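A.B. asks: This is what each chain is made of:
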Amino acid sequence: MTDYDVLLVGGGHNGLVCAAYLARAGKKVLVLEANEPLGGAAASREFAPGYTVSSCAHWLTHLSPVVSKDLDLERHGLQLAARDLDSIGLAPDGQHVTVTGNTVQGAGLSPEDMQAYTEFHRKTIKFSKLLAKAFAVRPPKLVESNFTDRVNLLKLGLGMKMLGREDMSDLLRLALINMYDVMEENFDNETLKALLSFDGVLGAHMGPRSPNTVFGYLYRRVGDVHGYNGPAVVKGGMGALGTAVADAARAAGVEIRTGSPVEKINLQDSRAVGVTLVGGEVIAAPLVVSNADPVTTFEKLVGYRNIETGMVRRVSQIRMRSGVAKLHLALDGLPQFKGLDNTQLGQRLVIAPSMDYIERAFNSAKYGESSALPALDISIASVHDSSLAPAGKHVMSVIVQFAPYDLREGWESHKEQFTQRVIDTISAYAPGFSSQVVASELLTPVDLEREFHMKGGHWHHGEISLDQVMMMRPFPGATQYGTAVDGLYLCGAGSHPGGGVMGLAGRNAAQEIIKRGAQA
Amino acid sequence: MSNTHREQSDVMMLESPFHSRVKAANELNEWDCWAGYTTPTKYFDVELEYFAVRSTTGVFDLSPMNKYSITGPDAQAYLDRVMTRNISKINVDRVGYSVWCDDAGQVMDDGTIFRLAENEYRLCAYARAMDWLSWCAMGFDVNIEDVSDQVAALAVQGPTSCSCLKAMGLEGIENLKPFGIAHFDFDGEDLMVSRTGFTGDLGYELWITPHKAEAMWDALFSAGESYMIKPIGSLALELTRIETGFLQAGVDFVPAQDAVRLGRSRSPFELGLGWLVDMNKPVFNGKQALLREQREGSRYRFVILDVDGNKPAHNSFIYQGKGKVGTVTSAAWCPTAKSNVAFAQIEMPYGEVGDDLVAEIYYERELHWTRVMAPCKVIESAVFNPPRRRQTPAPAY
Ligand SMILES: Cc1cc2nc3c(=O)[nH]c(=O)nc-3n(C[C@H](O)[C@H](O)[C@H](O)COP(=O)(O)OP(=O)(O)OC[C@H]3O[C@@H](n4cnc5c(N)ncnc54)[C@H](O)[C@@H]3O)c2cc1C
Chain A
0 MTDYDVLLVG
10 GGHNGLVCAA
20 YLARAGKKVL
30 VLEANEPLGG
40 AAASREFAPG
50 YTVSSCAHWL
60 THLSPVVSKD
70 LDLERHGLQL
80 AARDLDSIGL
90 APDGQHVTVT
100 GNTVQGAGLS
110 PEDMQAYTEF
120 HRKTIKFSKL
130 LAKAFAVRPP
140 KLVESNFTDR
150 VNLLKLGLGM
160 KMLGREDMSD
170 LLRLALINMY
180 DVMEENFDNE
190 TLKALLSFDG
200 VLGAHMGPRS
210 PNTVFGYLYR
220 RVGDVHGYNG
230 PAVVKGGMGA
240 LGTAVADAAR
250 AAGVEIRTGS
260 PVEKINLQDS
270 RAVGVTLVGG
280 EVIAAPLVVS
290 NADPVTTFEK
300 LVGYRNIETG
310 MVRRVSQIRM
320 RSGVAKLHLA
330 LDGLPQFKGL
340 DNTQLGQRLV
350 IAPSMDYIER
360 AFNSAKYGES
370 SALPALDISI
380 ASVHDSSLAP
390 AGKHVMSVIV
400 QFAPYDLREG
410 WESHKEQFTQ
420 RVIDTISAYA
430 PGFSSQVVAS
440 ELLTPVDLER
450 EFHMKGGHWH
460 HGEISLDQVM
470 MMRPFPGATQ
480 YGTAVDGLYL
490 CGAGSHPGGG
500 VMGLAGRNAA
510 QEIIKRGAQA
Chain B
0 MSNTHREQSD
10 VMMLESPFHS
20 RVKAANELNE
30 WDCWAGYTTP
40 TKYFDVELEY
50 FAVRSTTGVF
60 DLSPMNKYSI
70 TGPDAQAYLD
80 RVMTRNISKI
90 NVDRVGYSVW
100 CDDAGQVMDD
110 GTIFRLAENE
120 YRLCAYARAM
130 DWLSWCAMGF
140 DVNIEDVSDQ
150 VAALAVQGPT
160 SCSCLKAMGL
170 EGIENLKPFG
180 IAHFDFDGED
190 LMVSRTGFTG
200 DLGYELWITP
210 HKAEAMWDAL
220 FSAGESYMIK
230 PIGSLALELT
240 RIETGFLQAG
250 VDFVPAQDAV
260 RLGRSRSPFE
270 LGLGWLVDMN
280 KPVFNGKQAL
290 LREQREGSRY
300 RFVILDVDGN
310 KPAHNSFIYQ
320 GKGKVGTVTS
330 AAWCPTAKSN
340 VAFAQIEMPY
350 GEVGDDLVAE
360 IYYERELHWT
370 RVMAPCKVIE
380 SAVFNPPRRR
390 QTPAPAY
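These protein sequence lines are chains A and B, in that order. Using numbering that gives the first Met the number 0, you'd call the opening residue of the first sequence number 0 and step up by one each time. Using numbering that gives the first Met the number 0, you'd call the opening residue of the second sequence number 0 and step up by one each time.
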């Protein structure tokens with residue numbers, strides 16, 4: 000006899016969402032999280048005395064409104080310090096471009112570009128609505144699809160048809176080409192093109208000219224469908240979202256143990272029967288759900304030698320090379336960006352002045368080098384939330400691309416230099432910036448892997464590209480959250496629909512487990 | 000991997016380490032290509048070569064065989080995951096026969112596994128397997144090396160084979176048990192002998208470093224002269240293996256990795272090799288699929304047919320009543336057993352032992368084709384299986 004129906008390995012936001020839904024369906028669930036804080040990559044940390052940042056994800060752009068409502072996250076403490084923020088593409092000459100929802104403004108923009116953006120936005124949202132529908136249900140299977148799968152496929156197909164002939168053929172065409180070409184086709188302004196194409200490569204090992212980047216962009220716009228007309232900032236940092244989801248899970252009856260890293264998932268006759276914690280404690284349960292990424296789950300926790308070679312092969316081939324680092328800076332005051340007033344400093348600031356700039360930054364990553372001029376996504380959350388820094392001081396959080404996981408020279412010797420390079424890059428847009436920095440912390444992909452136990456530090460637990468989404472996510476044969484190991488499910492960003500603080504992977508997995516009921 | 004052999008060769012086809020001797024003995028000068036090597040189909044007469052194996056001793060050069068060395072602390076655990084059978088049951092200095100499958104439970108190849116030491120195995124395989132073996136190694140502390148070129152090998156098969164080897168100076172060889180391995184000194188080098196073979200007869204396989212290959216051939220043939228030792232080609236070997244019921248990869252089944260069309264590969268159960276599958280092992284490649292097959296049933300059955308008449312049922316369709324239920328993969332008139340044998344793949348549920356079926360045989364005499372509908376019966380086991388194959392000490396002929 001065991002005390003639990005389900006063991007959840009990992010208390011990232013998806014794991015907690017999954018646990019909460021399972022508990023609400025009457026299951027006895029135990030969440031085992033390696034770290035002390037809950038929420039996984041939805042985390043906050045005080046990286047210098049008095050200075051707190053979102054330590055991984057910093058913009059809330061995707062959270063599923065269904066999850067948020069079902070779990071009543073507001074009641075459990077989720078508060079937004081700001082929402083529907085602008086994205087500002089910084090130009091070296093101060094001719095910035097500001098995207099607000101479906102409009103764009105900027106001194107250097109032609110009326111044609113402004114109009115073209117609104118039209119582009121309309122069309123992409125139409126496509127992203129389709130995606131959002133597919134994201135909310137389990138992916139259909141490649142073969143052997145049953146009735147539900149057929150209906151879901153049909154809805155997707157029908158949805159595509161409903162786009163109208165022109166839009167549909169456009170979607171099929173766009174999905175396969177790259178952001179660079181699409182931008183060239185639609186806009187003149189270089190800063191605008193770069194700002195939009197950066198959205199297509201965020202978190203990915205891709206440059207604007209890489210295939211799949213349009214899909215990356217549409218993925219990003221699913222957030223708009225979820226009601227975010229621009230990024231939002233969580234009060235207290237993203238960790239507060241993790242805490243809120245954890246509270247909701249506890250309220251639903253989930254038991255949570257933090258500081259409890261799982262060493263392995265135990266199998267008997269190729270069926271998951273429980274876990275062994277680091278330290279040796281064995282906990283049994285008929286179902287194990289992993290919030291860890293698929294490679295960690297199968298390589299480390301299940302063990303390649305305990306599954307068949309074909310599956311090992313597929314797991315080991317999942318593309319999950321990360322190129323994203325995170326830089327945290329404590330500032331002794333608000334920085335002064337050329338051409339921006341103070342009211343704009345709380346918006347999302349992007350340093351990626353041209354598509355070639357991003358592409359060059361990516362080129363370095365291809366060859367195991369860090370970008371000489373990295374592309375940056377900057378958040379100064381303390382503008383909206385004074386609790387994050389001492390009075391009059393500020394915190395800056397920067398998503399830095401590209402910083403390859405497998406840096407040729409190794410990160411230890413390179414960290415300081417790279418930190419300075421990012422600061423210098425910002426200084427070019429905000430004169431005097433470097434003297435405002437009083438403390439810093441760089442989390443390289445290697446650090447992110449260590450801190451959050453995500454293989455390669457990958458944003459999505461595995462690249463988002465057409466060969467690794469929907470029924471091919473995380474890999475063929477482990478779709479629909481179940482795996483070749485009976486009794487073992489996946490519920491993290493590595494499974495459909497993918498990463499970002501969204502909660503849908505966790506919710507869909509729970510629904511699948513509940514649906515399969517006793518046969519699970 | 001040492002490539003000495005391949006580099007020396009200035010022709011496209013590779014030559015076995017025994018080539019100088021094989022060439023000298025090949026009176027008919029008939030050659031085939033096996034795994035890129037020039038190999039003899041027959042030396043003087045297929046029937047006489049066949050009878051050498053069955054009445055005296057036949058020697059077959061099996062150097063082109065693919066050989067892989069598998070070593071390291073996880074060697075056994077690794078092989079247990081690759082192979083369908085339980086590898087822990089193969090002791091040091093023993094040989095085991097096994098098949099291996101892909102995840103779909105489809106046979107990729109069969110082969111023999113030699114346990115040379117505690118953590119040291121050698122796998123002999125029909126097909127090139129380095130790619131798959133390397134994939135399988137993820138998660139295991141093993142080292143896999145293609146040693147195909149580093150080992151020369153002769154099969155010495157037939158009733159007088161033991162006597163030949165004794166005369167060659169391999170003392171105590173008669174005490175080697177079937178599937179056993181023994182080591183001897185040959186001219187300062189290790190000569191490994193296993194009591195294994197593809198003929199179903201008393202027989203041995205000799206494994207030696209390539210630079211001693213010719214010397215070993217000479218020693219063997221001079222020692223075996225009075226025991227009527229003869230070299231044999233692939234056609235004679237083919238007869239003996241059919242007579243004794245051994246499957247040939249690429250002939251009796253398509254290795255799963257080579258099958259392009261859906262459904263053309265076969266599971267071990269469908270090849271009559273279910274006895275090689277150990278479902279008690281916690282995991283091995285294909286286990287999940289094979290469990291499913293056990294629940295849901297196989298698609299095909301491997302059968303041995305005793306066919307009326309003396310026309311080999313090459314490529315025949317097999318009928319049950321009016322319905323076509325299968326096809327022949329290998330066929331031969333087997334002289335010693337005096338029976339006309341065919342291996343066939345029969346659709347389930349047909350082909351149970353004792354069932355009467357019909358083989359549609361076409362044969363040609365001087366451009367004249369004839370069709371016979373030959374009755375045949377599914378028999379329980381191979382037609383040739385002499386006691387001397389198993390006796391230890393090996394009988395002296
Ligand atoms: C640098 C960076 C910036 C990002 N920025 C954003 C952003 O601005 N907006 C956005 O929406 N998304 C962003 N993301 C993506 C987002 O953070 C992730 O996709 C999302 O948080 C993944 O959630 P998850 O619950 O699926 O997995 P995770 O949050 O990774 O949770 C997995 C949990 O499992 C635990 N775990 C793993 N192994 C074990 C084990 N053996 N035993 C016990 N526990 C274990 C881990 O500790 C972790 O808590 C960013 C990602 C990165 C890397």
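Treat the hints as calculated values from the structure; they're not laboratory data. There could be a bad hint or two in this list.
Negatives, chain B to chain A, calculated, CB over 10 Å [to be verified]:
hint, residue
1, D31
2, D73
3, V81
4, S87
5, D102
6, Y226
7, L234
8, Q287
9, A381
Derived Cβ-Cβ restraints for the label pairs, each shown as a range [said to hold, decoys possible]:
hint, chain 1, residue 1, chain 2, residue 2, range
10, B, G322, A, V281, 31 to 37 Å
11, B, L290, A, D466, 51 to 57 Å
12, A, S315, B, V146, 21 to 27 Å
13, B, L290, A, S315, 51 to 57 Å
14, A, D466, B, P374, 51 to 57 Å
15, A, S315, B, G320, 21 to 27 Å
16, A, G107, B, S133, 39 to 45 Å
17, A, R320, B, C32, 39 to 45 Å
18, B, E365, A, D466, 56 to 62 Å
19, B, G322, A, V150, 38 to 44 Å
Here the structure is a predicted model, which means the values were calculated and not measured. For every residue, glycine included, the Cβ atom is placed at its ideal position computed from N, Cα and C.
A.B. asks: Each hint should be assessed against the structure and marked as holding or not.
C.D. replies: Verification of the hints:
At roughly 33 Å from the closest C-beta of chain A, the C-beta of B/D31 stays outside 10 Å, upholding its exclusion from the interface. Here B/D73 does not stay apart from chain A, with its beta-carbon only about 8 Å from theirs, under the 10 Å limit. With 10 Å as the threshold on Cβ separation, the claim that B/V81 sits away from chain A is violated: the shortest Cβ distance comes to roughly 7 Å. In this structure B/S87 is separated from chain A by more than 10 Å, as the shortest Cβ-Cβ distance comes to about 15 Å.
Under the 10 Å C-beta cut-off, the non-interface status given to B/D102 relative to chain A is violated; the minimum distance is some 3 Å. Every CB of chain A lies more than 10 Å from the CB of B/Y226, the least distance being 46 Å, so the non-interface label holds. Once the 10 Å rule is applied to beta carbons, B/L234 is consistent with being away from chain A; the minimum gap is 36 Å. For B/Q287, the non-interface assignment is contradicted: its Cβ lies about 6 Å from the closest Cβ of chain A, within the 10 Å cut-off.
Every CB of chain A lies more than 10 Å from the CB of B/A381, the least distance being 32 Å, so the non-interface label holds. The hinted range of 31 to 37 Å is not satisfied by B/G322 and A/V281, whose Cβ atoms lie roughly 56 Å apart. Against the hinted window of 51 to 57 Å, the Cβ-Cβ separation of B/L290 and A/D466 comes to about 30 Å, which falls outside the hint. Between A/S315 and B/V146 the C-beta distance comes to about 26 Å, which sits within the given range of 21 to 27 Å.
For the pair B/L290 and A/S315, the supplied restraint of 51 to 57 Å is violated, since their beta-carbon distance comes to about 24 Å. Checked against the given bound of 51 to 57 Å, the beta carbons of A/D466 and B/P374, roughly 54 Å apart, stay inside it. In this structure the supplied range 21 to 27 Å is violated for A/S315 paired with B/G320, their Cβ-Cβ distance being about 51 Å. Hint check: A/G107 to B/S133, Cβ distance near 55 Å, so the stated range 39 to 45 Å is violated.
Distance hint for A/R320 and B/C32: a CB-CB separation of about 43 Å, consistent with the stated range 39 to 45 Å. Remark: the range hint 56 to 62 Å for B/E365 to A/D466 is upheld by a beta-carbon distance near 59 Å. The hint said 38 to 44 Å for the Cβ distance between B/G322 and A/V150, and at roughly 40 Å that hint holds.
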